[in-house]
Amino acid sequence: MNWLMNLGANTLNRLEMFGRATLMLFGAIIAKPQPLKLIPLTIKQIYVVGVQSLLIVVVSGLFIGMVMALQGYTILVGYGAEGSLGPMVALSLLRELGPVVTALLFAGRAGSALTAEIGLMKATEQLSSLEMMAVDPLRRVIAPRLWAGIISMPMLALIFSAVGILGGHLVGVDWLGVDSGSYWSIMQSTVDWNKDVVNGIIKSIVFAFVITWIATFKGYDSIPTSEGISKATTETVVFSSLAVLGLDFIMTALMFGIE
Amino acid sequence: MKSRKVELLVGVFVALTIAAGLMLALKVADQSMSSSEDTYILYAKFDNIGGLKVRSAVKVGGVTVGRVDDITLSNSDFTPVVTMSISSEFDQFPETSSVSILTSGLLGEQYIGFQPGFAIDGIENLAEGDYIEDTKSALVLEDLIGQFLFSSNDG
Numbered sequence: 001m002n003w004l005m006n007l008g009a010n011t012l013n014r015l016e017m018f019g020r021a022t023l024m025l026f027g028a029i030i031a032k033p034q035p036l037k038l039i040p041l042t043i044k045q046i047y048v049v050g051v052q053s054l055l056i057v058v059v060s061g062l063f064i065g066m067v068m069a070l071q072g073y074t075i076l077v078g079y080g081a082e083g084s085l086g087p088m089v090a091l092s093l094l095r096e097l098g099p100v101v102t103a104l105l106f107a108g109r110a111g112s113a114l115t116a117e118i119g120l121m122k123a124t125e126q127l128s129s130l131e132m133m134a135v136d137p138l139r140r141v142i143a144p145r146l147w148a149g150i151i152s153m154p155m156l157a158l159i160f161s162a163v164g165i166l167g168g169h170l171v172g173v174d175w176l177g178v179d180s181g182s183y184w185s186i187m188q189s190t191v192d193w194n195k196d197v198v199n200g201i202i203k204s205i206v207f208a209f210v211i212t213w214i215a216t217f218k219g220y221d222s223i224p225t226s227e228g229i230s231k232a233t234t235e236t237v238v239f240s241s242l243a244v245l246g247l248d249f250i251m252t253a254l255m256f257g258i259e
Numbered sequence: 001m002k003s004r005k006v007e008l009l010v011g012v013f014v015a016l017t018i019a020a021g022l023m024l025a026l027k028v029a030d031q032s033m034s035s036s037e038d039t040y041i042l043y044a045k046f047d048n049i050g051g052l053k054v055r056s057a058v059k060v061g062g063v064t065v066g067r068v069d070d071i072t073l074s075n076s077d078f079t080p081v082v083t084m085s086i087s088s089e090f091d092q093f094p095e096t097s098s099v100s101i102l103t104s105g106l107l108g109e110q111y112i113g114f115q116p117g118f119a120i121d122g123i124e125n126l127a128e129g130d131y132i133e134d135t136k137s138a139l140v141l142e143d144l145i146g147q148f149l150f151s152s153n154d155g
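Protein sequences, first through last, are from chains A and B. Each residue of the first sequence is one higher than the last, beginning at 1 in my numbering. Each residue of the second sequence is one higher than the last, beginning at 1 in my numbering.
Worth flagging that the hints you see were computed from the coordinates, not collected in a lab. None of these values were measured; they are calculated from a predicted model. Heads up, a few of these hints could be off.
[As the list claims (entries may be wrong)] Pairs of lysine to aspartate or glutamate residues, derived as EDC-like cross-links and limited to a Cα-Cα distance of at most 20 Å, are as follows: (1) B:K59 with B:D77; (2) B:K27 with A:D192; (3) A:K44 with B:E7; (4) B:K53 with A:D192; (5) B:K136 with B:D77; (6) B:K45 with B:D77; (7) B:K59 with B:D130; (8) B:K45 with B:E95; (9) B:K59 with B:D91; (10) A:K37 with B:E7; (11) A:K195 with B:E109; (12) A:K32 with A:D136; (13) B:K59 with B:E128; (14) B:K45 with B:E128; (15) B:K59 with B:D134; (16) B:K59 with B:D69; (17) B:K136 with B:D70; (18) A:K231 with A:E125; (19) B:K27 with A:D179; (20) B:K45 with B:D121; (21) A:K195 with A:E96; (22) B:K53 with B:E109; (23) A:K195 with B:D70; (24) B:K27 with A:D174; (25) A:K195 with B:D69; (26) A:K195 with A:D248.
From just these sequences and the hints, can you work out the full model?
Dropping the structure here:
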């Protein structure tokens, strides 16, 4: 009996949380948008969320491209197919690693910061003070952060893929001696704009939406104590990483699964 | 002053993204080549297309003149029909031309080798929607080995 009650209570809690998250999303994005006030705030948040994540994204993109070229070369050279290094690096970056690794880095670098910031605003009652002054915290605090995350993560993923391909070129062509012409030309004949690049961008937009939604909601919904904020921050990183990996499998199956 | 710095850096960020997008479009996916050109359609029936895929190249003497648009199975005689779009720049191929499915290198991908025929009087050029009659199928390694075993048993 107890066991069944626990199950029911848990399910109801989950559903309630999902309902609160959806209400927050609607309140922040759909209800009465005010572009004139929103745009300057969003630009400031793009700086915090996007520009400050640029360094870690560029560095990891470069190194992942370089490592992939190095590992791929040792296998491909055994078949005399080292010319296929270009498409191997480009396709794995554009289809999978670009969106997914950027999303994981983004969840760790920007998502956790968003949760902690909003959670602390709640704990120090800044959100309640805004409401006292008849300013809707959903529109003043949450909406710019949501938009900034949704806009900047796909941009970071694009930069990640481009830098990774250049890193692969650096190791494959300049160090290991793959022919530069075949690196680019076989890549060009293999990579398809709509199928590979656009699908990668769609993936990163979905990841961006999920991560920023989870991050802002966890902050907004956190228990306003120091312990509650630390729990919310951890949950942001864990939940958004799991959501990214799970969604990635589903989207890959839909996009590339059936030829 | 603080806000101007923020705006500047966001501008740099956007510019970087545009640069990355342009690089992916032009240098990686080669978008300019594939879509904007004028093409005409040719068909060819093969017995076996091997590993030919949509978007494989059609080459004349190693020069790419077009791509494979579509591969279907003919419903009347159950042979594969390959649809090729050839760049309109090359529209002087005579009707006696032949196509064969070749492989680039030992493990490379398969492409269509286009062999222009003789242009004698009374022979017209290939035009939109024509079928190329003279085709050679892909080389299937298993068939080749089978033939080899068969002929070595005889002798």
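Evaluation of the provided hints:
At most 20 Å may separate the alpha-carbon atoms for a hinted pair to count; K59 of chain B and D77 of chain B exceed this at roughly 27 Å. Proposed proximity of K27 of chain B and D192 of chain A is supported: the alpha carbons are some 12 Å apart, at most 20 Å. A distance of roughly 8 Å separates the Cα atoms of K44 of chain A and E7 of chain B; the hinted pair therefore holds under the 20 Å criterion. About 13 Å separates the Cα atoms of K53 of chain B and D192 of chain A, which keeps this hinted pair within 20 Å; it holds.
Restraint check for K136 of chain B and D77 of chain B: the C-alpha separation of about 17 Å stays at or below 20 Å, so the hint holds. The hinted pair formed by K45 of chain B and D77 of chain B meets the criterion: a straight-line CA distance of about 10 Å does not exceed 20 Å. Proposed proximity of K59 of chain B and D130 of chain B is supported: the alpha carbons are some 18 Å apart, at most 20 Å. Of the supplied pair hints, the one linking K45 of chain B and E95 of chain B holds, its CA atoms being roughly 15 Å apart against a limit of 20 Å.
At roughly 14 Å between alpha-carbon atoms, K59 of chain B and D91 of chain B fall within 20 Å of each other, so this suggested pair holds. Only pairs whose Cα atoms come within 20 Å are accepted, and K37 of chain A paired with E7 of chain B is accepted, the gap being roughly 16 Å. For a cut-off of 20 Å, the pair hint linking K195 of chain A to E109 of chain B stands: about 19 Å separates their Cα positions. As the CA atoms of K32 of chain A and D136 of chain A are separated by approximately 11 Å, the hinted pair is consistent with the 20 Å bound.
Restraint check for K59 of chain B and E128 of chain B: satisfied, since their Cα atoms lie roughly 18 Å apart, inside the 20 Å limit. In summary, the hint linking K45 of chain B to E128 of chain B is supported, as the alpha carbons are separated by about 16 Å, within the 20 Å threshold. As the CA atoms of K59 of chain B and D134 of chain B are separated by approximately 16 Å, the hinted pair is consistent with the 20 Å bound. Note on K59 of chain B and D69 of chain B: the hinted pairing holds, with a Cα-Cα distance of about 14 Å set against a maximum of 20 Å.
For the given pair, K136 of chain B sits about 18 Å from D70 of chain B by alpha-carbon distance, which is consistent with the 20 Å threshold. In summary, the hint linking K231 of chain A to E125 of chain A is supported, as the alpha carbons are separated by about 18 Å, within the 20 Å threshold. About 16 Å separates the Cα atoms of K27 of chain B and D179 of chain A, which keeps this hinted pair within 20 Å; it holds. Our distance criterion of 20 Å between C-alpha atoms is broken by K45 of chain B and D121 of chain B, whose separation comes to about 26 Å.
For the hint pairing K195 of chain A with E96 of chain A, the CA-to-CA distance comes to about 13 Å; that is within 20 Å, so the pair holds. Between K53 of chain B and E109 of chain B the alpha-carbon distance is near 9 Å, which keeps this suggested pair within the 20 Å criterion. Among the hinted pairs, K195 of chain A with D70 of chain B is consistent with the structure: their alpha-carbon atoms are about 16 Å apart, no more than 20 Å. Distance check on the hinted pair: K27 of chain B and D174 of chain A sit about 18 Å apart at the alpha-carbon level, within 20 Å; holds.
Taking the CA atoms of K195 of chain A and D69 of chain B, the gap is about 15 Å. The hint holds against a cut of 20 Å. The hinted pair formed by K195 of chain A and D248 of chain A meets the criterion: a straight-line CA distance of about 16 Å does not exceed 20 Å.
The structure does not agree with the numbered hints 1, 20 stated previously, though it agrees with the rest.
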